[in-house]
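Assemble chain B onto chain A, guided by the hints.
Chain by chain, the residues run as shown.
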Amino acid sequence: MAPGPADAFDPAAGQSPAVQAAYARLRSQFLAGLPQRWAEIVSTPPGPSRAAALHRLTGAAGGYGLTALGDAARQAEMTGGTDETLHAVRREIEAVGVTVP
Amino acid sequence: MSEALRRVMCVEDDADIRMILEFSLGTVGGYEVRCCAGGRAALQQAPEFKPDLVLLDVMMPDLSGPETLAALRELPSMRGVPVVFMTAKAMPDELEQLLEHGATGLIVKPFDPMTLSQDIRPYWEHGRGPRSG
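Residue numbers (the working numbering), protein chains in the order written: chain A, 1 to 101; chain B, 1 to 133.
Derived from the structure by calculation, the hints contain no laboratory data.
Predicted, not measured: the structure shown is a model, and the values here were computed from it.
We put the CB at the ideal spot given by N, CA and C, even for glycine.
Do not take every clue at face value.
Rough simulated footprint, nothing fancy, chain A against chain B, three-plus residues with beta-carbon under 8 Å [stated by the list, open to error]:
{"no.": "1", "segment": "8-22"}
{"no.": "2", "segment": "112-121"}
Beyond 12 Å from chain B on every Cβ pair, some chain A residues (computed) [stated by the list, open to error]:
{"no.": "3", "residue": "79"}
{"no.": "4", "residue": "82"}
{"no.": "5", "residue": "86"}
{"no.": "6", "residue": "90"}
{"no.": "7", "residue": "100"}
Chain A with its partners taken away, still in its complex shape:
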């Protein structure tokens, strides 16, 4: 499969080429959707709704091999999404090569 972001691990390593290709397509779609996720998170005031958006990111990111992003989202969720914890989420999004506004 195509090389992934520098800090991501590849769960599909060792799988058949067809499975690796399918996983790579899914991961590309997920990465392409990160700016929209980020926009939803920052446009929601800190509190339960922002925490819910971060909760969904926590659950999704790890499945796509983005463990550090998932961990940062979990930490932010636990605080309700304070601005300080969101900085770490943004940093991890940018670390996987995605630009957010």
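Structure of chain B alone, referenced to chain A:
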């Protein structure tokens, strides 16, 4: 009921997680997969799809996982079907509380998409019971 685990229903409100579930259980695991975006859709589709096992998200906007589980158990065709919660909550007391709702087991998100199809098998083997309808 089925003597093999063939059909898996997934109930999950996040589209990216639904896609990785379809990949993990369908492409990797070879199961017939039906993904629903919420509990109400699952309640409508379960009698027709007749899943052998249900993976059920806990935090959903329309019906929560525990509410969906309770409603599924009211369907005659679903009474003996193992239902496994999926949750990104990882605190032991939270996990225990979820099991008290009557789920067969718990899968903690994020899950490994390459092993999920095998990880659910013990829940089907040990959690299935007689069902009707």
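Cross-check of the supplied hints:
Coverage of a stretch by a chain is defined here by at least three residues with a beta carbon nearer than 8 Å to that chain's beta carbons; for the segment 8-22 of chain B and chain A the count is 6, and the condition holds. Note: the segment 112-121 of chain B has 3 residues with beta-carbon separation from chain A under 8 Å; the three-residue rule is met and the coverage holds. Every CB of chain B lies more than 12 Å from the CB of residue 79 of chain A, the least distance being 15 Å, so the non-interface label holds. Here residue 82 of chain A stays apart from chain B, with its beta-carbon at least about 19 Å from theirs, past the 12 Å limit.
Separation of residue 86 of chain A from chain B is adequate, the least Cβ-Cβ distance of about 18 Å exceeding the 12 Å criterion. Its beta-carbon lying about 18 Å from the closest one in chain B, residue 90 of chain A satisfies the requirement of being farther than 12 Å from that chain. Look at residue 100 of chain A: its CB is around 16 Å from the nearest CB on chain B, clear of 12 Å, so calling it non-interface holds up.
Hint check: no violations occur; every hint is consistent with the structure.
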